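Top to bottom, those sequences are chains F and A.
For the first sequence, my numbering assigns the number 9 to the initial residue and increments by one for each residue that follows.
For the second sequence, my numbering assigns the number 9 to the initial residue and increments by one for each residue that follows.
Hints were generated in silico from the structure; no laboratory data involved.
Computed from a predicted structure; not experimentally measured.
It is possible that part of the hints are untrue.
Treat identical chains as interchangeable: a pair holds within one or across any two.
Only pairs whose alpha carbons sit at most 30 Å apart, straight line, appear in this in silico DSSO-like list of lysine-lysine [stated by the list, open to error]:
(1) Lys431 to Lys96
(2) Lys424 to Lys489
(3) Lys489 to Lys422
(4) Lys245 to Lys525
(5) Lys179 to Lys245
(6) Lys424 to Lys486
(7) Lys486 to Lys267
(8) Lys97 to Lys382
Number of protein chains: 2
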Amino acid sequence: MVSVVNITMLKKFVQLLVLNLTLTEVVLSGNVLIWPSDGSHWLNIKIIVEELIQRNHSVTVLVSPKSLFINSSSDFSVKFEEIPVSYKKSNIDSIIEHIIRLWKNHRPTPFTIWTFYKELGKLLDSIFQVNTQICDGVFNNPSLMARLQKGGFDVLVADPVLVCGELVALKLGIPFIYTLRFSPAWTVERNCGKIPAPMSYVPAALSELTDQMTFGERVKNAISYSLQDYIFQSYWKEWNSYHSEVLGRPTTLCETMGKAEIWLIRTYWDFEFPRPYLPNFEFVGGLHCKPAKPLPKEMEDFVQSSGEDGIVVFSLGSMVKNLTEEKANFIASALAQLPQKVVWRYKGKKPATLGANTRIFDWLPQNDLLGHPKTKAFVTHGGTNGIYEAIYHGIPMVGIPIFGDQPDNIVHMKAKGAAVEVKFNTMTSADLLSALRTVIYQPSYKENAMRLSRIHHDQPVKPLDRAVFWIEFVMRHKGAKHLRPASHDLTWFQYHSLDVIGFLLACVATVIFMVTKCCLFSCQKIGKTGKKKKRE
Amino acid sequence: MVSVVNITMLKKFVQLLVLNLTLTEVVLSGNVLIWPSDGSHWLNIKIIVEELIQRNHSVTVLVSPKSLFINSSSDFSVKFEEIPVSYKKSNIDSIIEHIIRLWKNHRPTPFTIWTFYKELGKLLDSIFQVNTQICDGVFNNPSLMARLQKGGFDVLVADPVLVCGELVALKLGIPFIYTLRFSPAWTVERNCGKIPAPMSYVPAALSELTDQMTFGERVKNAISYSLQDYIFQSYWKEWNSYHSEVLGRPTTLCETMGKAEIWLIRTYWDFEFPRPYLPNFEFVGGLHCKPAKPLPKEMEDFVQSSGEDGIVVFSLGSMVKNLTEEKANFIASALAQLPQKVVWRYKGKKPATLGANTRIFDWLPQNDLLGHPKTKAFVTHGGTNGIYEAIYHGIPMVGIPIFGDQPDNIVHMKAKGAAVEVKFNTMTSADLLSALRTVIYQPSYKENAMRLSRIHHDQPVKPLDRAVFWIEFVMRHKGAKHLRPASHDLTWFQYHSLDVIGFLLACVATVIFMVTKCCLFSCQKIGKTGKKKKRE
């Protein structure tokens with residue numbers, strides 16, 4: 009039976025890894041250009057940037073001065089190239105508010121799916137306005153373009169949520185890599201990356217469905233895919249013109265995006281439902297996760313004071329700055345009824361119902377708290393980064409999703425038995441309290457969270473190392489063409505073999521027609537001969 | 009720009025790998041049961057067995073005394089369990105002859121595709137007779153079954169080419185892993201493993217097509233898939249009954265095979281055309297490859313005597329024991345015209361036309377020869393193992409494929425620009441000589457072989473380590489259910505969403521019908537009112 013082995017085995021394994029390293033080509037010192045992104049998207053790319061620098065690569069980040077998260081005066085040794093833009097930070101804030109409003113008013117239930125996707129289309133329009141300013145800030149800026157041309161970059165890394173990274177790479181004549189959490193209904197991954205997504209068991213991103221669907225859910229899934237494709241095709245039209253103009257030849261956004269050498273997807277099979285993918289897709293979810301560091305003295309004392317009951321970590325992320333007084337009181341009174349101590353990230357006014365067991369902080373060392381042995385549960389808005397920290401440390405979750413992929417993320421964690429959901433719009437104190445008691449006291453939630461954690465930790469290579477490996481691979485080999493499927497060269501009807509099926513059906517129809525004609529002709533002949541014979 | 013870095017970077021990388029190891033669970037000492045296979049299939053599994061033993065696992069191999077390749081008195085420390093069978097070695101030889109005859113007479117050109125697949129069906133029948141004897145030898149053998157039950161195995165590893173490994177695993181209540189090169193038209197991988205294979209750019213295995221197909225080739229591909237599915241469905245019927253009987257409940261071969269935790273596919277993207285796959289498929293092609301060892305003294309002297317011209321390695325594999333005198337003379341006279349020295353693996357009578365530059369051997373240290381710096385080209389029958397040794401060492405090839413996947417393999421290497429094909433049935437001295445001159449003197453062949461070699465060596469983890477990692481993973485976690493797609497729980501029409509599409513079409517039709525009816529009704533109403541008004 010299975011048993012843990014001695015240190016000799018461990019050494020053997022390390023030897024094998026070292027042998028592998030010597031057999032493969034040596035790590036390189038390359039020159040990486042980063043196309044900007046913002047919010048949690050940037051937090052994730054930042055980890056890759058830091059790792060690239062650790063490994064002796066030179067990294068240059070393109071950045072607009074209106075970026076919310078990229079701090080060009082930060083201390084890590086990155087070069088920054090500023091993109092001049094005329095929009096204001098308030099434009100970005102209003103887009104974020106628009107996103108939150110969209111989910112608040114039109115969460116995609118079976119009855120609101122049409123209005124949800126229609127509103128999503130409008131949102132994409134306002135994003136387009138800001139995004140094109142960033143693109144113009146590069147392409148209409150000869151001195152910046154000249155500096156980039158002289159930069160001698162080996163590869164560009166971009167999150168396709170902010171379009172134009174692919175255009176910059178093509179203009180510079182260098183390969184590019186995408187890092188991506190998702191696009192709605194996998195529109196970009198499917199249409200541009202050519203990843204297959206059978207709608208019978210691959211739920212459309214944002215549909216809040218799982219891989220186990222009833223007939224009705226499969227109908228909803230099919231509609232999600234179709235509506236999203238329709239909206240994206242309309243949205244793409246503007247980008248198709250933009251890309252054709254910049255490249256000086258007729259092209260489409262999707263064709264250009266499809267030239268990505270590698271797609272680094274920010275999930276893994278601890279979170280994702282198993283689905284088909286392609287060799288140039290690498291699932292590197294949780295690449296930002298790391299072991300917990302010690303907490304600040306004051307916080308550690310508070311955590312230790314929880315005794316056997318342990319603590320609950322509460323954070324609705326960096327995008328939700330405030331709550332209504334009513335909602336804050338709901339939450340505080342629920343938390344006050346727990347025997348656990350609670351650390352709550354909250355910037356608003358201190359709620360009147362705040363219990364003695366709850367302490368409010370402007371900011372939390374979230375990963376260190378989730379990795380603390382006293383932590384029993386995590387109340388989260390369901391952002392991918394936070395969920396991955398919970399998976400990494402094996403902490404069960406209460407999800408209060410607000411917008412974007414958050415509802416979908418919580419559906420994933422619920423399906424895997426590691427979370428309970430509370431609806432943000434309709435929640436009461438009792439709902440939150442009951443959800444917290446469930447994940448803390450029903451052992452299955454902890455067990456499932458630990459199972460996901462074991463899956464996460466038990467990979468041949470860590471996600472961050474895999475992400476950096478493929479960036480380095482593309483630099484070493486000037487691309488990864490050997491992973492690119494031939495489907496990129498097919499039209500949609502060729503891809504679905506409609507011409508072949510049509511031809512084969514026509515052949516069958518011709519054969520049936522000929523055989524029927526022959527039979528009829530023979531019958532007539534026999535009939536005539538018979539009549540002749542009768543006459544004779 | 010890209011530059012090679014110093015030893016500090018190397019150390020950093022090793023540190024990272026070690027850190028990764030300590031974060032993941034420690035390697036285990038488990039108990040592995042191997043379901044037998046034969047020929048080159050066994051040669052590949054043997055490498056995994058040796059590695060498992062190296063890593064302190066206990067390995068037991070089930071073996072029939074009539075096995076051609078498994079030598080139960082071999083020196084590596086494996087336990088063997090004998091399966092009693094009544095067939096003779098000559099039965100196996102006649103199956104091999106049948107396979108060779110099938111390809112010789114019915115190689116699947118567009119005009120012989122139907123007869124090829126019909127003959128393949130007959131061949132599958134004779135394999136079924138032998139295969140069921142092996143299965144009966146286990147299931148009708150209570151003492152062997154009792155020993156296996158007491159064996160405390162953690163996992164079973166099988167090549168599905170020999171059926172029943174999956175049944176043994178289910179009877180023992182342990183997870184199982186497949187290691188597989190291919191099934192014709194990916195029938196098993198598609199139907200039982202649920203891997204998608206869009207026929208527009210994924211050529212059916214054995215079709216001798218590439219991923220770049222003309223319209224005619226795509227029609228041939230569609231026919232290859234359909235015919236193979238039809239033949240396999242017929243072949244499966246017998247196995248469905250067998251499996252239902254052994255398990256004591258109605259089941260099918262495919263349902264049972266579909267329970268494999270991991271599918272270790274014996275190719276990689278250096279050889280394979282990029283195609284969709286699933287997270288429980290791992291491409292571990294070339295896992296048997298290793299650096300060359302020094303040659304025996306006499307052989308090394310001969311190789312060194314070739315000077316600048318270098319040598320050619322010639323082998324048609326272990327299955328082809330003899331050639332006609334005419335063919336052997338053709339070959340020998342072609343080789344005699346080369347400035348290179350030639351080492352030829354050949355067991356037949358010495359050909360009259362043998363040149364002074366050619367030396368015949370009963371057996372060759374093929375990998376050591378291919379890894380020799382003097383080697384310029386490899387003449388091969390195109391077995392996967394040999395091709396992978398050539399890829400590993402970056403040697404261009406002349407392929408003389410004979411049967412099985414060999415013609416397909418050579419098509420892959422031709423498409424990647426690393427090989428030239430010579431037809432076994434029709435080849436002349438001139439053909440072989442011209443092919444050899446092409447791969448030796450046209451630099452693109454060596455460059456492409458080197459490119460494939462670089463791709464092969466530049467993976468995050470070596471193929472053998474990945475194969476063993478997943479075997480160990482399944483032992484540690486008692487399976488890999490998190491990688492299993494939900495498509496296994498769907499019927500074929502659910503999988504293809506035919507019910508959903510039908511329902512949506514019915515909805516659209518109903519709406520069109522209702523709208524038309526309403527319009528007609530309104531028109532009639534307006535018409536009537538108009539007439540009334542006219543009358544008034």
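Hint by hint, here is what the structure shows:
1. Lys431 to Lys96: Neither. Shortest intra-copy (33 Å) and inter-copy (69 Å) distances fail the 30 Å Cα cut-off.
2. Lys424 to Lys489: between (36 Å within a copy, 12 Å between copies)
3. Lys489 to Lys422: between (38 Å within a copy, 17 Å between copies)
4. Lys245 to Lys525: For lysine 245 and lysine 525, the Cα distance exceeds 30 Å both inside one copy (50 Å) and across copies (37 Å).
5. Lys179 to Lys245: within (21 Å within a copy, 58 Å between copies)
6. Lys424 to Lys486: between (40 Å within a copy, 18 Å between copies)
7. Lys486 to Lys267: within (13 Å within a copy, 40 Å between copies)
8. Lys97 to Lys382: Neither: 39 Å inside a copy, 65 Å across copies.
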